[in-house]
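Residues per chain, in single letters:
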Amino acid sequence: MVTIQSAPTLILPPKGEPLICFQGIYKSYNHKPVLRGVNLEVRCGETLVILGRSGAGKSVLTSMLVGLETPDAGTITLAGVELTGLRTETEWDRLRLQMGYLFQGSALYDSMTVGENIAFPLVHHRRLTLNQINQVVKEKLALVGLKEVEGLEPSALSGGMQRRVALARTLALNPHIIIYDEPTAGLDPITSDGIAHLIRDLQKSLEVTSILVTHDLRTARFVGDRLALLYDGRIVFLGSNQELEDSDNPEVKSFLSPISLTESEGI
Amino acid sequence: MQDRVLQLAGHQVVRFVDYMGQLTLFFVAAFTALFRPPWFFREVIAQMFHLGVKSLPLVAVAAFSVGLVLAMQTVGVLSWFGAANYIATIVGMSMVRELGPVLTALMVVGRAGSGMSAELGSMRVTRQIDAMRVSAVNPMKYLVGTRLLACMLVLPLLTGVADILGILGGWVIGVTQVGLTSKYYYQLTLKYISLNDVVPGVLKTVVFGAIIGTVGCFHGYHTTHGTFGVGQSTKAAVVSGSLLVLISDVFLTRISLLIWP
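So the sequences go chain by chain: A and D. Just so you know, this note's numbering puts 154 at position 154 of the first sequence, and the rest follows in order with no gaps. Just so you know, this note's numbering puts 23 at position 23 of the second sequence, and the rest follows in order with no gaps.
Please note: incorrect hints may appear among the correct ones.
Claimed, not checked - A few chain D residues that face chain A, going by a derived Cβ cut-off under 7 angstroms, partial list only:
no., residue
1, Gln73
2, Thr74
3, Arg127
4, Asp130
5, Ala131
6, Val134
7, Ala136
8, Val137
To be verified - Cβ pair distances, simulated, as ranges:
no., chain 1, residue 1, chain 2, residue 2, range
9, A, Gly151, D, Ile45, 55 to 65 angstroms
10, A, Ser155, D, Val206, 31 to 41 angstroms
11, D, Ser248, A, Leu217, 31 to 41 angstroms
12, A, Gly16, D, Arg15, 49 to 59 angstroms
13, D, Ile45, A, Ala156, 39 to 49 angstroms
14, D, Val199, A, Ser28, 25 to 35 angstroms
15, D, Asp3, A, Val123, 51 to 61 angstroms
16, D, Ile45, A, Thr129, 18 to 28 angstroms
17, A, Leu217, D, Arg36, 23 to 33 angstroms
18, A, Pro13, D, Arg15, 29 to 39 angstroms
19, D, Val206, A, Gly16, 33 to 43 angstroms
20, A, Arg53, D, Ala46, 54 to 64 angstroms
21, A, Leu256, D, Trp39, 34 to 44 angstroms
To be verified - Stretches of chain A that chain D covers, calculated by requiring three or more beta carbons in the stretch to come under 8 angstroms of a beta carbon on chain D:
no., segment
22, 65 to 71
23, 119 to 126
24, 222 to 234
Read the hints as simulated data drawn from the structure, not as lab findings. Note that the Cβ used here is the ideal one computed from N, Cα and C, for glycine as well.
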């Protein structure tokens with residue numbers, strides 16, 4: 001039996017070298033294709049933003065990195081480990097310990113306090129005393145700009161604070177790769193900006209590889225080193241902020257300047 | 001018309017067999033996971049508290065009332081034959097062999113089975129179960145296995161309490177209506193009840209616990225369609241749980257009568 005201990009360990013390439021490769025990824029739900037041959041490369045140490053309209057399959061793509069979804073066809077490699085070849089949950093778990101995933105909507109355990117939420121991965125995967133765990137919880141909360149909220153229930157927090165707590169939980173095991181799934185969805189513009197600043201600051205201080213999924217251009221441009229546009233199940237653009245701005249690609253243009261409500265209604 | 005009825009009946013049978021197969025696989029996956037480290041003793045104890053201690057008042061009131069009513073209904077008939085004294089034996093035997101286990105199981109299905117399903121269902125639709133998987137914690141073990149084991153451990157204990165309180169309900173009628181002394185009632189209760197009556201009842205409740213835990217968690221774990229789905233799962237958990245407890249009781253009683261006649 002493959003145990004968490006005997007499963008593959010990530011050996012990260014040098015900064016700027018390819019870390020994650022999606023090759024020819026296909027995925028359908030009820031015979032409706034969502035991804036139609038996605039090819040994408042994520043470099044070590046960068047923040048790659050995957051843009052696309054709602055339902056474009058952005059979250060499906062990133063879910064494949066942590067084994068929540070499996071592609072119908074294609075391969076995904078992460079630091080040389082072929083993820084599509086992993087068969088058991090224990091094999092996945094070894095990799096999951098080195099990745100953090102911030103869910104859209106936070107997904108905090110509502111039967112636990114904020115402190116218990118952040119401590120959850122530590123209790124299960126680190127041999128630490130209670131005092132040490134409390135110390136780490138405080139540190140991670142400070143990283144996301146919160147303090148003295150450990151004893152509160154998640155439901156007592158605002159949406160923005162819940163997102164910060166979820167991020168603190170994501171950081172608990174010091175992951176090498178962080179995946180942000182719509183981190184600003186459902187938040188007001190000011191709170192969204194706060195989260196975007198936090199993501200960029202964390203990126204600078206922790207030097208991890210980040211993949212951010214969003215349809216929020218403002219956040220994408222602010223945090224992303226490179227941006228990819230997922231359209232009609234394929235990556236139709238991959239480049240820097242400036243390249244996105246200068247692109248002649250019709251899909252990019254349509255995404256950047258969607259028809260306004262007043263125009264579409266002929267007002 | 002006949003073909004249509006047969007077709008419908010056949011379809012329902014296939015669905016039932018398919019459902020039972022899925023439940024069995026789910027039970028095996030959760031139960032076998034319990035035998036591999038890491039161990040979640042604390043979570044099992046927490047679940048025993050949630051499922052057991054918090055169900056205790058409900059089970060106690062229900063069992064006492066049933067014991068009381070059973071004695072009320074039976075004492076008149078026994079009086080016709082001049083056997084009113086045997087009210088103690090009848091209540092005791094009925095509670096220990098049948099009413100205690102089944103009543104407790106049905107109460108726990110209603111309270112804890114629905115609770116488990118709703119809790120896991122909400123966790124599913126808010127992606128908390130996915131978050132647990134991403135944290136490299138096996139939800140089949142941490143959420144399902146612990147609840148399943150807690151149900152299997154707690155049901156016999158609750159049944160013991162239900163048996164005693166049911167007998168106590170009968171005692172109220174025996175003393176106030178028939179005029180038995182407490183000591184005589186106690187002696188009559190114990191005179192005809194042997195281990196052969198107690199053991200099958202207790203063993204049955206372990207199976208009932210497995211059914212309640214499996215069905216409650218299965219429906220919650222596989223919830224789809226958002227909050228609407230949580231309601232559907234909870235309803236399905238209570239209906240299926242109650243039916244499966246009653247159906248399995250028929251077989252378990254038959255088997256226990258063969259082993260302990």
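> Taking 7 angstroms as the limit, does the beta-carbon of Ala131(D) come near enough to a beta-carbon in chain A?
Replying inline: 4 angstroms, holds
> Leu256(A) and Trp39(D), beta-carbon distance inside 34 to 44 angstroms?
Replying inline: Hint violated: Cβ distance 54 angstroms, outside 34 to 44 angstroms.
> Range hint 31 to 41 angstroms: satisfied by the CB atoms of Ser248(D) and Leu217(A)?
Replying inline: 58 angstroms, violated
> Within the assertion that chain D covers the segment 222 to 234 of chain A, do at least three residues meet a Cβ-to-Cβ distance smaller than 8 angstroms?
Replying inline: violated (count 0)
> How about Gln73(D): closest beta carbon in chain A under 7 angstroms, or not?
Replying inline: Gln73(D) check fails; min Cβ-Cβ to chain A is 43 angstroms, beyond 7 angstroms.
> Okay, Arg53(A) versus Ala46(D) on CB: inside 54 to 64 angstroms?
Replying inline: Cβ of Arg53(A) to Cβ of Ala46(D): about 43 angstroms, so the range 54 to 64 angstroms is violated.
>> Verify the CB-CB distance for Ile45(D) and Thr129(A) against the hinted window 18 to 28 angstroms.
In response: 21 angstroms, holds
> Okay, Gly16(A) versus Arg15(D) on CB: inside 49 to 59 angstroms?
Replying inline: 56 angstroms, holds
> Does the Cβ-Cβ separation between Val206(D) and Gly16(A) fall within 33 to 43 angstroms?
Replying inline: The hinted range 33 to 43 angstroms is violated for Val206(D) and Gly16(A), with Cβ atoms some 60 angstroms apart.
>> For the segment 119 to 126 of chain A, count the residues whose Cβ lies under 8 angstroms from any Cβ of chain D; is that count three or more?
In response: holds (count 4)
> Once the shortest beta carbon distance from Thr74(D) to chain A is found, is it less than 7 angstroms?
Replying inline: At about 45 angstroms, which exceeds the 7 angstroms cut-off, the nearest Cβ of chain A leaves the hint on Thr74(D) violated.
> Is the gap between the beta carbons of Ile45(D) and Ala156(A) within 39 to 49 angstroms?
Replying inline: 27 angstroms, violated
The structure shown violates the earlier hints numbered 1, 2, 9, 11, 13, 14, 17, 18, 19, 20, 21, 24.
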